[in-house]
Amino acid sequence: MASTGLRIELQVAENVYLRNATPDDAQALFKIIDSQREYLREWLSFVDLTREVDHTSLYLQSILNSRTDKVFVIVVDDQVAGLIGYKGTEQYNAKTEIGYWLSEKCQGKGVMQQCCRRLINYAFRDMRLNRVQLKIAPGNYKSLNIAHKLGFTLEGTEREGEFLNGRFQDLEVYSLLKSEWDDAKPFI
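Our numbering numbers the first residue of the sequence shown as 1371 and each following residue consecutively.
Simulated from the structure, these hints should not be mistaken for lab results. Backbone N, C-alpha and C define an ideal beta-carbon position, used for all residues, glycine too. One or more hints might be untrue.
Once the Cα atoms are required to be at most 30 Å apart in a straight line, the calculated DSS-like pairs of lysine-lysine come out as [stated by the list, open to error]:
#  : residue 1 : residue 2
1  : K1519     : K1479
2  : K1512     : K1548
3  : K1505     : K1475
4  : K1475     : K1457
5  : K1479     : K1505
6  : K1548     : K1465
7  : K1519     : K1548
8  : K1457     : K1519
9  : K1548     : K1479
10 : K1519     : K1505
11 : K1548     : K1505
12 : K1505     : K1401
13 : K1401     : K1475
14 : K1457     : K1479
15 : K1512     : K1475
16 : K1401     : K1548
17 : K1512     : K1401
18 : K1512     : K1457
19 : K1479     : K1465
20 : K1512     : K1479
21 : K1505     : K1457
22 : K1519     : K1465
23 : K1479     : K1401
Simulated DEER-style distance windows between Cβ atoms [what the hints assert, rightly or not]:
#  : residue 1 : residue 2 : range
24 : Q1461     : S1549     : 14 to 22 Å
25 : L1524     : R1377     : 23 to 31 Å
26 : K1401     : E1525     : 34 to 42 Å
Just need the whole structure built from these sequences, with the hints factored in.
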C-alpha cells in the first residue's frame, strides 16, 4: 500500500467521516492525547511515549511513506476525535489489521463501531482484501463489544503480545473474512 498522495475521505455517518491523517493533524491529535492521558493509557501503549507534539508529528510523517499502514483521522462534528487505520497490510496474502483510538467524549455513541464497519467495507471492496483482524486486550470490553457486534471470530491468544503499563499483556486475536461479511448493512 504505497503512498500515492491521493486524498481519501470516507463518509461514516451524517456527522462522522474519515480522512487521510497527515502531519498537519499532529496538534489536534496531541491535544487529545495530552488532555486524556489517564483515560487513554489504560489500553494504549503509545500514550506514555507521546510527550510532545513532535512525537505525534513524527509518527504521522512515518505513515505517509508506509507500504503497509494507512491511517485515517476520525472527524466527529467537524472536530478531530481520534485515529483508525490499517496496520501490517499484506497485499499478497490479502489481509490487514485494524487499530484505533477515540477521544473519551466521543465514546459510547457507536462512533468506533461505525468507523470500523466503514474500514471493513473499504478493505473488502476497494482494497480487495480477504481478511481483517483486530487484536484486543482481555478486559477491554468496549473493543471486545465492537468485535462481537461486527461478527469477528476469536481465533486465539497472542500471549504477552503487548507491553502496556509496565507489564506484558496478552492480546486476543479476532478475525473476519470477506466471505463472512455482509456489506449490504448500512454504515450507520
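Comparing the hints with the structure gives:
no.	hint	in the structure
1	K1519 to K1479	holds, 14 Å
2	K1512 to K1548	holds, 23 Å
3	K1505 to K1475	holds, 23 Å
4	K1475 to K1457	holds, 25 Å
5	K1479 to K1505	holds, 22 Å
6	K1548 to K1465	holds, 10 Å
7	K1519 to K1548	holds, 16 Å
8	K1457 to K1519	holds, 21 Å
9	K1548 to K1479	holds, 26 Å
10	K1519 to K1505	holds, 15 Å
11	K1548 to K1505	holds, 18 Å
12	K1505 to K1401	holds, 26 Å
13	K1401 to K1475	holds, 13 Å
14	K1457 to K1479	holds, 25 Å
15	K1512 to K1475	holds, 14 Å
16	K1401 to K1548	violated, 37 Å
17	K1512 to K1401	holds, 23 Å
18	K1512 to K1457	holds, 20 Å
19	K1479 to K1465	holds, 28 Å
20	K1512 to K1479	holds, 11 Å
21	K1505 to K1457	holds, 11 Å
22	K1519 to K1465	holds, 20 Å
23	K1479 to K1401	holds, 21 Å
24	Q1461 to S1549: 14 to 22 Å	holds, 19 Å
25	L1524 to R1377: 23 to 31 Å	violated, 36 Å
26	K1401 to E1525: 34 to 42 Å	holds, 36 Å
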